[in-house]
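Work the whole structure out from these sequences, hints included.
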Amino acid sequence: MNLILSAKNLTRSCYALVTILYFTVSQASADWQLNMREGVTEISRAVYDLHMVIFWICVIIAVIVFGVMLYSVIYHRKSRGAKAHNFHENVYVEIAWTVIPMVILIGMAIPATGTLIKMYDAKEADIDIQVTGYQWKWRYQYLESGVDFFSSLATPAEQISGEAEKTENYLLEVDNPLVIPVGKKIRFLITANDVIHSWWVPDFAVKKDAIPGFINESWAVAEEPGIYRGQCAELCGKDHGFMPIVVEVKSEQDYQTWIKQQQLAQAEKAKSAEKRWSLDELMVTGKEVYDKSCAACHQANGEGIPGAFPALKGSPIVQGDPAAHIDVVLNGKAGTAMQAFRDQLSAAEIAAVITYERNAWGDSLGDIISPSKIAKLKQ
Amino acid sequence: MSQVDSQTKSNKKLIIQLVLGTVAMFGFGFALVPLYDVFCRITGINGKLDLTPAVYQAGSASNREIKIQFIAVNNESMPWGFKPMDSSLKVKLGKTYQTAYWAENLTANYMVAQAVPSVSPSEAAQFLQKVDCFCFNRQPLNAGEQREMGLAFNVLAGMPAHIKTITLSYTLFDITAATGKSIADVN
Amino acid sequence: MSTSTEQLVSSESKTHDTHHGPAKGISRWFYTTNHKDIGSMYLWFSLIMFITGGSMALMIRAELFQPGLQFIEPDFFNQMTTMHGLIMVFGAVMPAFVGLANWMIPMMIGAPDMALPRLNNWSFWILPFAFSMMLMTFFMQGGAPNFGWTFYAPLSTTFAPPSVTFFIFAVHMMGISSIMGAINVIVTILNMRAPGMVMMKLPLFVWTWLITAFLLILVMPVLAGVVTMMLMDIHFGTSFFNAAGGGDPVLFQHVFWFFGHPEVYIMILPAFGVVSEIIPTFARKKLFGYSSMVYATSSIAFLSFIVWAHHMFTVGMPLMGELFFMFATMLIAVPTGVKVFNWVATMFRGSMTFETPMLFAIAFVVLFSIGGFSGLMLAIAPADFQYHDTYFVVAHFHYVLVPGSIFSIMAGVYYWLPKWTGNYYDEKMGKLHFWLSFIGINITFFPMHFVGLAGMPRRVPDYALQFADFNAVSSVGAFIFGISQLLFIYNVVSCIRKSNQASDKVWEGSHGLEWTIPSPAPYHTFTQPPKVD
Numbered sequence: 000m001n002l003i004l005s006a007k008n009l010t011r012s013c014y015a016l017v018t019i020l021y022f023t024v025s026q027a028s029a030d031w032q033l034n035m036r037e038g039v040t041e042i043s044r045a046v047y048d049l050h051m052v053i054f055w056i057c058v059i060i061a062v063i064v065f066g067v068m069l070y071s072v073i074y075h076r077k078s079r080g081a082k083a084h085n086f087h088e089n090v091y092v093e094i095a096w097t098v099i100p101m102v103i104l105i106g107m108a109i110p111a112t113g114t115l116i117k118m119y120d121a122k123e124a125d126i127d128i129q130v131t132g133y134q135w136k137w138r139y140q141y142l143e144s145g146v147d148f149f150s151s152l153a154t155p156a157e158q159i160s161g162e163a164e165k166t167e168n169y170l171l172e173v174d175n176p177l178v179i180p181v182g183k184k185i186r187f188l189i190t191a192n193d194v195i196h197s198w199w200v201p202d203f204a205v206k207k208d209a210i211p212g213f214i215n216e217s218w219a220v221a222e223e224p225g226i227y228r229g230q231c232a233e234l235c236g237k238d239h240g241f242m243p244i245v246v247e248v249k250s251e252q253d254y255q256t257w258i259k260q261q262q263l264a265q266a267e268k269a270k271s272a273e274k275r276w277s278l279d280e281l282m283v284t285g286k287e288v289y290d291k292s293c294a295a296c297h298q299a300n301g302e303g304i305p306g307a308f309p310a311l312k313g314s315p316i317v318q319g320d321p322a323a324h325i326d327v328v329l330n331g332k333a334g335t336a337m338q339a340f341r342d343q344l345s346a347a348e349i350a351a352v353i354t355y356e357r358n359a360w361g362d363s364l365g366d367i368i369s370p371s372k373i374a375k376l377k378q
Numbered sequence: 000m001s002q003v004d005s006q007t008k009s010n011k012k013l014i015i016q017l018v019l020g021t022v023a024m025f026g027f028g029f030a031l032v033p034l035y036d037v038f039c040r041i042t043g044i045n046g047k048l049d050l051t052p053a054v055y056q057a058g059s060a061s062n063r064e065i066k067i068q069f070i071a072v073n074n075e076s077m078p079w080g081f082k083p084m085d086s087s088l089k090v091k092l093g094k095t096y097q098t099a100y101w102a103e104n105l106t107a108n109y110m111v112a113q114a115v116p117s118v119s120p121s122e123a124a125q126f127l128q129k130v131d132c133f134c135f136n137r138q139p140l141n142a143g144e145q146r147e148m149g150l151a152f153n154v155l156a157g158m159p160a161h162i163k164t165i166t167l168s169y170t171l172f173d174i175t176a177a178t179g180k181s182i183a184d185v186n
Numbered sequence: 000m001s002t003s004t005e006q007l008v009s010s011e012s013k014t015h016d017t018h019h020g021p022a023k024g025i026s027r028w029f030y031t032t033n034h035k036d037i038g039s040m041y042l043w044f045s046l047i048m049f050i051t052g053g054s055m056a057l058m059i060r061a062e063l064f065q066p067g068l069q070f071i072e073p074d075f076f077n078q079m080t081t082m083h084g085l086i087m088v089f090g091a092v093m094p095a096f097v098g099l100a101n102w103m104i105p106m107m108i109g110a111p112d113m114a115l116p117r118l119n120n121w122s123f124w125i126l127p128f129a130f131s132m133m134l135m136t137f138f139m140q141g142g143a144p145n146f147g148w149t150f151y152a153p154l155s156t157t158f159a160p161p162s163v164t165f166f167i168f169a170v171h172m173m174g175i176s177s178i179m180g181a182i183n184v185i186v187t188i189l190n191m192r193a194p195g196m197v198m199m200k201l202p203l204f205v206w207t208w209l210i211t212a213f214l215l216i217l218v219m220p221v222l223a224g225v226v227t228m229m230l231m232d233i234h235f236g237t238s239f240f241n242a243a244g245g246g247d248p249v250l251f252q253h254v255f256w257f258f259g260h261p262e263v264y265i266m267i268l269p270a271f272g273v274v275s276e277i278i279p280t281f282a283r284k285k286l287f288g289y290s291s292m293v294y295a296t297s298s299i300a301f302l303s304f305i306v307w308a309h310h311m312f313t314v315g316m317p318l319m320g321e322l323f324f325m326f327a328t329m330l331i332a333v334p335t336g337v338k339v340f341n342w343v344a345t346m347f348r349g350s351m352t353f354e355t356p357m358l359f360a361i362a363f364v365v366l367f368s369i370g371g372f373s374g375l376m377l378a379i380a381p382a383d384f385q386y387h388d389t390y391f392v393v394a395h396f397h398y399v400l401v402p403g404s405i406f407s408i409m410a411g412v413y414y415w416l417p418k419w420t421g422n423y424y425d426e427k428m429g430k431l432h433f434w435l436s437f438i439g440i441n442i443t444f445f446p447m448h449f450v451g452l453a454g455m456p457r458r459v460p461d462y463a464l465q466f467a468d469f470n471a472v473s474s475v476g477a478f479i480f481g482i483s484q485l486l487f488i489y490n491v492v493s494c495i496r497k498s499n500q501a502s503d504k505v506w507e508g509s510h511g512l513e514w515t516i517p518s519p520a521p522y523h524t525f526t527q528p529p530k531v532d
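Which chain is which? The protein sequence lines are W, A and Y, in order. The numbering of the first sequence is numbering that gives the first Met the number 0, which starts it at 0 and goes up by one. The numbering of the second sequence is numbering that gives the first Met the number 0, which starts it at 0 and goes up by one. The numbering of the third sequence is numbering that gives the first Met the number 0, which starts it at 0 and goes up by one.
Derived from the structure by calculation, the hints contain no laboratory data. All values reported here derive from a predicted model rather than from experimental measurement. Among the hints, erroneous ones may be present.
Result set (DMTMM-like, lysine to aspartate or glutamate): computed pairs, CA atoms no more than 25 Å apart in a straight line [what the hints assert, rightly or not]:
(1) W/K249 x W/D366
(2) A/K82 x W/D342
(3) W/K259 x A/D85
(4) Y/K285 x Y/D74
(5) W/K82 x Y/D74
(6) A/K163 x W/D120
(7) W/K117 x A/D85
(8) W/K291 x W/D174
(9) A/K163 x W/D174
(10) A/K82 x W/E267
(11) Y/K530 x A/D4
(12) W/K291 x Y/D74
(13) W/K312 x Y/E72
(14) A/K163 x W/E222
See the structure below:
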């Protein structure tokens, strides 16, 4: 029964290995990362410390309990001539191993309570940002400065399908990251547009469910500039794994610059509807918008997924009266997964994508939908 | 009575008790629905707010000021314009204030909306009294119609001191299909 | 099944129809009211479901072997994870324990059969119909349920595929089966014990099943309630979980987990019972702390009702709520620890041999405890904000369910197979099955702790590059574990068919009424109650 010997040894060696690996590897390559990160906020560090304390207590208890088992397995085996003793109960021992674990648990509960209370801190925040989860992207609205944009996965489809090589931040990159200043308290007001999502940034130890119809709040004070990446943490449908979160923490000055840039860009976008767009310009922009906002469901070739998402290619709406087509894109379709893109895209982008859909798949009608027309409808 | 008969009798009794227990637990599952609301109301936890007018509590006015933020959210494909007229207000506890939200039906169809409120932090919910709110009623709008919808509220003076900012969000839902039912009916 | 039709129980009275054996042919299985037959059917059904759910797991692990989408689309992946969970929980683990209960409880208490034999038959036969309906959803438009085995609203109501209605009906059917089975177990244990078999003499397996049966009666109806509410929201215009109508998606989570948490104890208490039978036998020493074990199991059952929201720490609960659920959850570690210590104390200063059942039982104690430790870490609410909905949770529950529940089931099967069939199974193959499973399981699930801590969320078909290495390791482990189950199937089938006569006692250290009857156990046993000392 040497196999048994090595099984229990194996378990204990695992612990030794983990311990050694942790100390040597944890700062090194991310690929074999064993542990939670410490993060860049006071809370994330408190959480990390708590996690480590609980972990080590569990390891110690495990070593003791499994150690006794290992001892028994070696020395109390029949093949070694061990004779079975007769004892089968002991009130004092039962009391002891009820009370001692309770005391240990109370010891764990105290720092845990302290950290949780810190998380519920209600001190005044410097900046309030509304975070809304959509299928399958995030929307960030800065309540004071009026900056408002969507943040979608930026990893190209070819990388996901394996046709192109995956780059460093595969699945953890977005087109428009959330930008916040360092050292300031940011209050996140979290809700959802459709199903339950969850906004999680591990480096902040912030995770809060985004629930449609309800508002949740969380907060963070990022202490170091940098780029921090998280993911949606509640199953929300098909592309749950493809709606990451990227937060850029900038210096106060850079943040202010960025805010001004955003406000300008938003004004530009609104104005861009006023100029005249050629068919070619509309098709180019339209394809960009389509690939980012429509292809996930309607597919790059416009053929949709039968039973789930309708085909646009050859569809009566796309080939028929533009008014109906515009209405669906602007206002969505109640009772289906088709969202209203009125607020998500600028007038020019909407005009472009509708033009693209009406001309892209071989059944070109030569239709041009003018951005200014959309702008009037959108107001 | 033979042993088998008395066995069957005692079996029957136990079976009936267990079946009644099962049915009771099924009922309990449904009872959890109103119990959830009651529990939240009593303990004041959860950001759920009453959708019926608050009886104005002539509570003590105080000099304590807090900030209340207003947020508008459109659910799913709700294609209306929907904005708070004031994005935030500094309010004194115990006083009634008036604000409004603006809604516009941007489509070419008659539609009916329901606004659903939510408050953060959740402990503030029981201290936010809505004297009059557009969320009490469904909001029908014709194509292209717009409306300012009023909200009268006061924040009770008893609210815990550590709360400095309240966020009140309204999510606008499209209930055109379910028209005929008001929220009061559903509740 | 080779239950002997000729062998008679020694204490059979003359008035009983002594040549009564099982009916012939396939109708035997449709009409049987015999607890042994029904137990066997539950076990075969569970094995088939285990293979089905396991195949889905292998599809999941194949897709997750490398980053990128290679084999299946994200929506189908969600169907796989959902159905894998539903099938394993409701189709493999629960029916297996019911099968063990059916076989063993009457024999352990000296009763001739279960209290309600016809109800027993119906309880079983509902299951193949319920699961056929569930599995047929793969062929429906929109596909099978894809919203996770926890089916949160509104993903599972407003946004669900049309098959959700069939899913709801299937859940109702499974629930009815479980409730009827639980009633049967309770009435049997309370009313049909042989004279002298007082409650505090009951084998632990009977005690844990008694408590489990009460849990089932208390919570399965709540599950029925929540899926009925879903049905009403989807089809009858109600708004239980829809904020538009004054409802609340979080209400769903509360009601679901009010069922869901006791459910996981339903899946582990019988495992505790099995292990409590096996360790004393192979340590040749009485179970240490019998009364403690009974009280600890009862405490766990009571506590299981007040911890449910530890599955919801990120939902936006107020501070007091989070603290309460954190403390209550940590408290459950105490009686659970007591049980582990009692098993270790049973082994200590015993005279152990390590046949296959004992190997599985000892591995259970070690690996279930590891699952328990990660559970304790998860209970710490502030830390849970980093663990929730990551692979750390997946690692935790797979440790308690696979080397927990599943190992205990396999342990029980190996332990009692000679009693059921009259033949010893192939011990070498049993040990090989054990070692391959043990190694496979740890290679599969241990790395999940790491990727979870590193930040990989659950229920994703693709992942960032830093998670790739451990995912590849997990996938290799999964295939090792999966394929080694073929050894188990082969062993079980050979044991039934080949001859390798087992004694009444089967194992040197066994104690209990079930070891006083011949192997294989006659079709009807204890038609006259035995003497219990």
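Straight-line alpha-carbon gap W/K249 to W/D366, limit 25 Å: 44 Å, violated
Hint consistency between W/K291 and W/D174 [alpha-carbon to alpha-carbon, up to 25 Å]: Cα-Cα ~10 Å, so holds.
Is it true that the CA of W/K291 sits at most 25 Å from the CA of Y/D74? 19 Å, holds
CA of A/K82 to CA of W/E267, is that 25 Å or under? 22 Å, holds
Does the alpha-carbon distance linking Y/K285 and Y/D74 stay inside the 25 Å limit? Violated - the C-alpha atoms of Y/D74 and Y/K285 are around 52 Å apart, more than 25 Å.
Check whether the Cα positions of W/K312 and Y/E72 lie no farther apart than 25 Å. Answer holds: W/K312 to Y/E72 is near 21 Å, not above 25 Å.
Is A/K82 within 25 Å of W/D342, Cα to Cα? Given that 25 Å is the threshold and the Cα spacing comes to 12 Å, the pair holds.
Given the hint that W/K259 pairs with A/D85, does the C-alpha gap stay at or below 25 Å? 22 Å, holds
Straight-line Cα separation of A/K163 and W/D120 no greater than 25 Å? 11 Å, holds
Is the straight-line distance between the alpha-carbon of W/K82 and that of Y/D74 25 Å or less? At roughly 59 Å apart (the allowed maximum being 25 Å), Y/D74 and W/K82 break the hint.
Sort out whether A/D4 lies within 25 Å of Y/K530, counting only the CA atoms. Within the cut-off at roughly 22 Å; holds.
Holds or violated: A/K163 and W/E222, Cα atoms, limit 25 Å. 23 Å, holds
Consistency note: the structure conflicts with the earlier hints numbered 1, 4, 5, 7, 9.
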